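In numbering that gives the first Met the number 0, the protein residues as written are 0 to 586.
Any given hint could be a false lead.
Computed spacing ranges between beta-carbons, pair by pair [what the hints assert, rightly or not]:
#	residue 1	residue 2	range
1	Phe-163	Ser-536	44 to 54 Å
2	Arg-420	Thr-544	21 to 31 Å
3	Gly-265	Gly-198	37 to 47 Å
4	Pro-261	Asp-228	38 to 48 Å
Capping the alpha-carbon separation at 27 Å, the derived lysine-lysine pairs in DSS-like fashion look like this [as the list claims (entries may be wrong)]:
#	residue 1	residue 2
5	Lys-569	Lys-479
6	Lys-498	Lys-483
7	Lys-543	Lys-506
8	Lys-551	Lys-506
9	Lys-483	Lys-411
10	Lys-479	Lys-506
11	Lys-479	Lys-411
12	Lys-569	Lys-551
13	Lys-85	Lys-176
14	Lys-569	Lys-543
15	Lys-483	Lys-551
16	Lys-506	Lys-483
17	Lys-483	Lys-543
18	Lys-85	Lys-260
19	Lys-569	Lys-483
20	Lys-551	Lys-479
21	Lys-498	Lys-411
22	Lys-479	Lys-543
23	Lys-85	Lys-32
24	Lys-498	Lys-543
25	Lys-193	Lys-224
26	Lys-193	Lys-260
None of these hints come from the bench; they were simulated from the model. Since this is a predicted model, take the numbers as computed values, not measurements. Quick reminder that beta carbons are idealized off the backbone N, C-alpha and C, glycines included.
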Amino acid sequence: MKSFQHFLVLVVLSSLLVPAFAQDEDKYNNYRKRDHDQLDQYESGDYLFPPKPKNNWSIGIKGGLAYLAGDVSAQAGYGGGLSIRKALGHSFSLRLEGAYGVAKGLNFNSNTGYRFHSNNTTIPQAGNNPVDVLYRVLPADNVSRRVFYNHSTQVGDVSLQAIFNLNNVNFYKEQPKFNIYLGAGIGLMAYSAKTDLLGADNNIYNFTGIPTAGTSTNLKISNRKLALDALKTLLDGNYETQGEFSGSQRTFGTSSTFTVKPSVSGILGIQYRVNRRVEIALEHRMMYTGDDLLDGVMWSEQGTGLPGVRSAPTQSNDLYNMTTLGINFRLGKSSDGLWWVNPLTEVYSATQESRQLVKKLTDDSDGDGVPDLYDKEPDTPEGAMVDGQGRTMDSDGDGIADFEDDEPYSPKGTEVDGSGRAIDRDNDGVPDIFDKEPNSPAGMYYDAKGVAIVIPKAGNDGNDGKAPCLLPILHFDLDKDNIKPEFFPELYYIAQVMKAEPSLRVKAIGYADNRSSDAYNLDLSRRRVTNAVDFISNTYGIDKTRFIAEYKGETDPLINNLPDNHSNRKLEPLYYVNRRVEFECVK
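Please model the complete structure; the sequences and the hints are all you need to start from.
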């Protein structure tokens, strides 16, 4: 065991001294000969996709801990293996591995499982019990037949494994230093389980003096240590007796008898890239054969009730585990192993070259985002929004650029002042372009056309002013919640009314037509109200708390009895009337 550990340490340390081989500058080294034409076409721009780099090979050696999850409490064993791996792509590779290990176990509590159960065909998987002959001659009492299960199991296996990389496709890093991988494999396992039951005098150990407290569930921690210490003193460590086995066995030219079983394995590992030739891997591999005799025992303390049979097989099969530290060496002339190469590197590289080329071909002296080559206004003021030809944006066409316009969405054709605000000579909140009474007296409320609205006083409820009952209505296209530009003047008017009367609150009520489900229409009417309120608040600085939002879905239509389907296109204008947001003044 120690010699193996020393060998592994020397291999790991030597790997750190392995220099990275000088990389050949020939561009074809990373690609198979049959892919050279594709590489040339890709670099010349005649083909969209680059060729895949060569599939790499690597060889590896590993060593570490081996243990069994079975019917006997596991103790640290040792194991190692050799492997050869071939990449089939950036995320998938195949690995052929051969491994050998020794797993040990020792129970701190006694059992009486060796009792007349060998070759009993009435028990599934009864197996063969070489130890039964040792215990058959003893008195049939629990004390004399007490035994502390122990084993030393030699395991050799060969498996073909599929390895899946999880993190070499990294969006934000060209060369990862660590690589996490999962794997699964199939193969053959040969194992031989032996147990230490005879002392130096070749007689069965007398376990009666080993401290115990019944079952493992009520054995105190202190007694466990006492039991294990006593067992280590008693046992000589010479595993001389073949454990239980099932089926045919082979010797393979050794003194041990091996059982051969097909196996499946699961793998979890993490690799560290030392350089482009060398990597270190920490890995755990778990192997399953469907066999309960890897530790040489399969019996519990529960009897079966069958004549002469006082023990029953346990309910779970054994798992063989190896946790190893290994070193892998990559073969071939390519620049790096595919499981380390980020396939996005080629994409990002081409993008970076294009970006640099664009940077060289473009110059934007006024910083408006439009190259001077295409800029119709190469001296645009700083901060001004421009169109695709670099011209200063004037969304409402009033002759004042948006970045200087206090009202960048004034209605088309509106006469504005020097700040871009719509002219309102009578200060009634309605631009002159829409005002039907351009000389209205001050102190009144007006509708969307500037016509004065007189509302009787509400009485002694504290409302001593006059407020308009209705404000403009917005309409929406089918299944849409966005504000149509043609309704910007209405929203502007509502904002002016609210600015003129700071105590005024406005109720915004959303509706939908009667098609689609009630729940969907209710949510659609909510989104329409939300977008309308957000537009007024964000564009004209009206506090959102001054709005009361209601969502009524398809209820309260202005036009009733419309069919709830799309069969008659001629009715679309009528549905349009019902798709709306209404505004009411609340004092």
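Tested hints:
1. Phe-163 with Ser-536: 44 to 54 Å: holds, 52 Å
2. Arg-420 with Thr-544: 21 to 31 Å: holds, 25 Å
3. Gly-265 with Gly-198: 37 to 47 Å: Roughly 40 Å apart at Cβ, these two residues keep to the hinted range, so it holds.
4. Pro-261 with Asp-228: 38 to 48 Å: With a Cβ separation near 40 Å, Pro-261 and Asp-228 satisfy 38 to 48 Å, so the hint holds.
5. Lys-569 with Lys-479: holds, 19 Å
6. Lys-498 with Lys-483: holds, 23 Å
7. Lys-543 with Lys-506: Status holds; Cα separation ~11 Å.
8. Lys-551 with Lys-506: holds, 13 Å
9. Lys-483 with Lys-411: Between Lys-483 and Lys-411 the Cα gap is close to 14 Å, so the pair holds against 27 Å.
10. Lys-479 with Lys-506: holds, 21 Å
11. Lys-479 with Lys-411: Holds, because 24 Å separates the two Cα atoms, which is no more than 27 Å.
12. Lys-569 with Lys-551: Between Lys-569 and Lys-551 the Cα gap is close to 25 Å, so the pair holds against 27 Å.
13. Lys-85 with Lys-176: Satisfied, since the Cα-Cα distance of roughly 20 Å is no more than 27 Å.
14. Lys-569 with Lys-543: violated, 38 Å
15. Lys-483 with Lys-551: Holds. Lys-483 to Lys-551 sits at ~21 Å (cutoff 27 Å).
16. Lys-506 with Lys-483: holds, 20 Å
17. Lys-483 with Lys-543: Distance of about 21 Å is within 27 Å: holds.
18. Lys-85 with Lys-260: holds, 26 Å
19. Lys-569 with Lys-483: holds, 22 Å
20. Lys-551 with Lys-479: holds, 16 Å
21. Lys-498 with Lys-411: Status holds; Cα separation ~22 Å.
22. Lys-479 with Lys-543: Holds, at roughly 22 Å.
23. Lys-85 with Lys-32: OK: Lys-85 and Lys-32 at ~18 Å, within 27 Å.
24. Lys-498 with Lys-543: holds, 13 Å
25. Lys-193 with Lys-224: Distance ~24 Å between Lys-193 and Lys-224 Cα, so the pair holds.
26. Lys-193 with Lys-260: holds, 17 Å
Hint 14 from the list above is the single one not met by this structure.
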